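Working from the sequences, and respecting the hints, build out all of it.
Protein chains: 2
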Amino acid sequence: MAKVHNFSAGPSILPREVLEKAASAVLDFDNLKLSLLEISHRSKNFEAVMERARSLVKELMQLPDGYSVLFLQGGASLQFVMVAQNLLRERGKAAYIDTGTWASNAIKEAKIFGQVEVVASSKADNYRYIPKGYTIPADADYFHCTSNNTIYGTQIKEFPTSPIPMVCDMSSDIFSRRIDFSKFSLIYAGAQKNMGPAGTTLVVVKDEILGKTGRAIPAMMDYRTHISKDSMYNTPPVFAVYVSMLTMEWLVSNGGLEWIENINRQKAELMYAEIDRNPLFYGTVAPEDRSWMNACFLLKDPALEPEFDKMWKEAGISGLRGHRSVGGYRASMYNALPLESVQVLVEVMKEFERIKG
Amino acid sequence: MAKVHNFSAGPSILPREVLEKAASAVLDFDNLKLSLLEISHRSKNFEAVMERARSLVKELMQLPDGYSVLFLQGGASLQFVMVAQNLLRERGKAAYIDTGTWASNAIKEAKIFGQVEVVASSKADNYRYIPKGYTIPADADYFHCTSNNTIYGTQIKEFPTSPIPMVCDMSSDIFSRRIDFSKFSLIYAGAQKNMGPAGTTLVVVKDEILGKTGRAIPAMMDYRTHISKDSMYNTPPVFAVYVSMLTMEWLVSNGGLEWIENINRQKAELMYAEIDRNPLFYGTVAPEDRSWMNACFLLKDPALEPEFDKMWKEAGISGLRGHRSVGGYRASMYNALPLESVQVLVEVMKEFERIKG
Ligand SMILES: Cc1ncc(COP(=O)(O)O)c(C=O)c1O
Ligand SMILES: Cc1ncc(COP(=O)(O)O)c(C=O)c1O
Ligand SMILES: [Mg+2]
Ligand SMILES: [Mg+2]
Ligand SMILES: [Mg+2]
Ligand SMILES: [Mg+2]
Numbered sequence: 001m002a003k004v005h006n007f008s009a010g011p012s013i014l015p016r017e018v019l020e021k022a023a024s025a026v027l028d029f030d031n032l033k034l035s036l037l038e039i040s041h042r043s044k045n046f047e048a049v050m051e052r053a054r055s056l057v058k059e060l061m062q063l064p065d066g067y068s069v070l071f072l073q074g075g076a077s078l079q080f081v082m083v084a085q086n087l088l089r090e091r092g093k094a095a096y097i098d099t100g101t102w103a104s105n106a107i108k109e110a111k112i113f114g115q116v117e118v119v120a121s122s123k124a125d126n127y128r129y130i131p132k133g134y135t136i137p138a139d140a141d142y143f144h145c146t147s148n149n150t151i152y153g154t155q156i157k158e159f160p161t162s163p164i165p166m167v168c169d170m171s172s173d174i175f176s177r178r179i180d181f182s183k184f185s186l187i188y189a190g191a192q193k194n195m196g197p198a199g200t201t202l203v204v205v206k207d208e209i210l211g212k213t214g215r216a217i218p219a220m221m222d223y224r225t226h227i228s229k230d231s232m233y234n235t236p237p238v239f240a241v242y243v244s245m246l247t248m249e250w251l252v253s254n255g256g257l258e259w260i261e262n263i264n265r266q267k268a269e270l271m272y273a274e275i276d277r278n279p280l281f282y283g284t285v286a287p288e289d290r291s292w293m294n295a296c297f298l299l300k301d302p303a304l305e306p307e308f309d310k311m312w313k314e315a316g317i318s319g320l321r322g323h324r325s326v327g328g329y330r331a332s333m334y335n336a337l338p339l340e341s342v343q344v345l346v347e348v349m350k351e352f353e354r355i356k357g
Numbered sequence: 001m002a003k004v005h006n007f008s009a010g011p012s013i014l015p016r017e018v019l020e021k022a023a024s025a026v027l028d029f030d031n032l033k034l035s036l037l038e039i040s041h042r043s044k045n046f047e048a049v050m051e052r053a054r055s056l057v058k059e060l061m062q063l064p065d066g067y068s069v070l071f072l073q074g075g076a077s078l079q080f081v082m083v084a085q086n087l088l089r090e091r092g093k094a095a096y097i098d099t100g101t102w103a104s105n106a107i108k109e110a111k112i113f114g115q116v117e118v119v120a121s122s123k124a125d126n127y128r129y130i131p132k133g134y135t136i137p138a139d140a141d142y143f144h145c146t147s148n149n150t151i152y153g154t155q156i157k158e159f160p161t162s163p164i165p166m167v168c169d170m171s172s173d174i175f176s177r178r179i180d181f182s183k184f185s186l187i188y189a190g191a192q193k194n195m196g197p198a199g200t201t202l203v204v205v206k207d208e209i210l211g212k213t214g215r216a217i218p219a220m221m222d223y224r225t226h227i228s229k230d231s232m233y234n235t236p237p238v239f240a241v242y243v244s245m246l247t248m249e250w251l252v253s254n255g256g257l258e259w260i261e262n263i264n265r266q267k268a269e270l271m272y273a274e275i276d277r278n279p280l281f282y283g284t285v286a287p288e289d290r291s292w293m294n295a296c297f298l299l300k301d302p303a304l305e306p307e308f309d310k311m312w313k314e315a316g317i318s319g320l321r322g323h324r325s326v327g328g329y330r331a332s333m334y335n336a337l338p339l340e341s342v343q344v345l346v347e348v349m350k351e352f353e354r355i356k357g
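Top line first, the protein sequences correspond to chains A and B.
For the first sequence, full-length UniProt numbering begins at 1 and goes up steadily by one.
For the second sequence, full-length UniProt numbering begins at 1 and goes up steadily by one.
No lab work stands behind these hints: they were computed from the structure.
Be aware that one or more of the hints could be misleading.
Cut-off 25 Å, straight-line C-alpha distance, at most; resulting in silico cross-link-like pairs (SDA-like, lysine to any residue) [claimed, not checked]:
no., chain 1, residue 1, chain 2, residue 2
1, B, K206, B, D180
2, B, K313, A, E47
3, B, K58, B, K300
4, A, K33, B, L210
5, B, K300, B, A286
6, B, K111, A, G211
7, A, K111, B, D222
8, A, K123, B, T225
9, A, K300, A, L270
10, B, K33, A, V346
11, B, K108, A, D230
12, A, K310, B, R42
13, A, K21, B, K33
14, B, K310, A, E47
15, B, K313, A, K310
16, A, K310, B, E47
17, A, K21, B, P15
18, A, K111, B, R89
19, A, K44, B, P15
20, B, K33, A, K111
21, B, K229, A, G328
22, A, K310, A, L339
Note that the structure is predicted; figures quoted are calculated from it, not measured.
This is how it looks when you write it as structure tokens:
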């Protein structure tokens, strides 16, 4: 087996050239004769990394003035807390749509800080579609949505126009397609799916929405603290920020969001076409809401799973099992996954049909 | 210049063999033909890393039953928040000693959650000593101390016997010497000084002290959440945990805390002997409280700084400048710094005396 086709849902595949540069920086960074892991985060060498990472985000998002870019720790799950703590006013209300496990975890954390109105949910239908046509209450402090539901394989294709600040968890499809990022007042994303390794979380926030809750916020939990120190209030996760910077450089130098959107569309079309065509498999998600990042599908006859598993593993495919909470299969096709890997998977599915069909 | 003598205060020097293994894992981990950065944190390969890291901590600390070991994100600064949020009861009180910038940041965060009694402080004397002979109030919820004050170069040599749970920030001297760790109910340490790279924070907590505040705690901020999921409630900082594991393996395989304590004593004795002996320099800290990790010193004639700086830089020394808030010099002599590097620095100081004295 020459090569692994890595369909892991996250942490997940990164470009090979990024990994090579990262490994080299662990041994010797910037010809300092020191590892990237051994230098002060206040050194000019690392400050340049942080600065470059933040400017790549601005370039990729084409943000107007008035936004700050942060690289924090704690994962997207800590943002579930910080978003509410920084935006939900004392005796205020927040609006959420519940589109999956992560959305519902975000809702749970927000409830610690105040009232939460769930304006729409597809939970009763096992999260197999994205609710549409709901009303966002104009009197709530913010509206929270999840752009891509990693576990269920649904993705918001058209974002609503919100009368209040719109917050989005983009953890699992950040930088996978062109979007009008300026529609959002706050965007966050754990790096480990489409932007880098585990260990850092991107937060992009419009400064004007902050400081309005009337609540005392611990310095470490207050976005304004981190903004005022350019993400260097305390020691940042140096390596994870560096690898995220390298991954964004890879993306930009290859053609940016337009380039990657085109490839991601091709991969998704190929994958879903086979799921639909192949009589042994079926997709679990409403077709119009299918995620380009995570394609969830099942075998019509679950008894065939062991044989199918054996076959894709022999083809060098890894990470294809669905999330432990839902089972079945999930092909995660993040930016760094080449079209070729999807072709290999599709060939395996076809071959499986020939044997079993 | 053949080699860098890395006196950086953190992130700081790591053993060369650890860096080599880390770089190799970034390219191919466990012969999976996948990078450590690309695999699921739920894979058995990474679960083994997390398990091993946690058991190395228990081995090094020789902890009795009843403690949980966590690897979290957010840095030691997030622990300033979590400690108070998890231990300070509604309408309760916490006791802190104020021995430096980090202690005082910890106090600031705790005040968000309730009353803080500062039982002793050396602030008025520019933090140049560790207060002693103070009384820990038996009616407080916990007592918080900082074992090593990274910026000021003081270190607690003998911990008090506390009538209430004792919490300690050991960020800058964790695993540098033998200690009776069972005296503490909670220990935390940002990895990036003596245990690994930036990006993960060790927390060791006695289970029985948790769940008593009467306060609603967001899941991500609640130690019990992370304990119940063995530090895998959300995606852990995979690479930082792995490198910390490698560093602890290096420590244990060489002889553990007894071995490193012996080396650290030698380095500190050599360093302070020269600071005392050399008429051009003086130490800033009360001799009985001098840190083995961070030796702070000044030139009697500050006008000589540029010349001295030139000289140690030419000798391959890096990271010797004091914290930007205090100036002067700080030789950080963490576990991975070889005795040889201190010898080189001492030689430079002697040579400087020959030229200038
Ligand atoms: C959409 C989404 N949000 C949040 C999370 C949680 O991220 P983290 O593990 O970094 O807390 C995930 C993780 O898979 C996710 O897919
Ligand atoms: C003793 C001590 N505590 C806390 C911190 C803050 O750690 P972090 O940057 O990981 O938040 C430091 C950092 O230097 C430290 O030396
Ligand atoms: Mg989901
Ligand atoms: Mg079909
Ligand atoms: Mg200090
Ligand atoms: Mg002297």
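Q: Decide if the proposed pair is consistent with the structure: B:K108 and A:D230, CA atoms, cutoff 25 Å inclusive.
A: holds, 21 Å
Q. Is the Cα-Cα distance between B:K229 and A:G328 25 Å or less?
A. holds, 23 Å
Q: For the pair we were handed, B:K300 and B:A286, check the Cα-Cα distance against 25 Å.
A: holds, 17 Å
Q: Would you mind confirming whether the straight-line C-alpha gap from B:K33 to A:V346 stays at or under 25 Å?
A: holds, 22 Å
Q. Within 25 Å, alpha carbon to alpha carbon, are A:K310 and B:R42?
A. Status holds; Cα separation ~20 Å.
Q) Taken at face value, is the distance from the CA of A:L270 to the CA of A:K300 at most 25 Å? A) holds, 20 Å
Q) Taking only the CA atoms, is the gap from A:K33 to B:L210 under or equal to 25 Å? A) violated, 45 Å
Q. Hey, B:K310 versus A:E47, does the alpha-carbon distance stay inside 25 Å?
A. holds, 23 Å
Q: Verify the proposed pairing of A:K44 with B:P15, using a straight-line Cα cut of 25 Å.
A: With Cα atoms ~23 Å apart, A:K44 and B:P15 stay inside 25 Å; holds.
Q. Straight-line Cα separation of B:K313 and A:E47 no greater than 25 Å?
A. holds, 21 Å
Q) Regarding the pair A:K123 and B:T225, is the alpha-carbon distance no greater than 25 Å? A) Roughly 24 Å between the alpha carbons, so the hint for A:K123 and B:T225 holds.
Q. Going straight from one Cα to the other, do B:K313 and A:K310 come out at no more than 25 Å?
A. violated, 59 Å
When the structure is compared with the earlier hints, violations turn up for hints 3, 4, 15, 20 and for no others.
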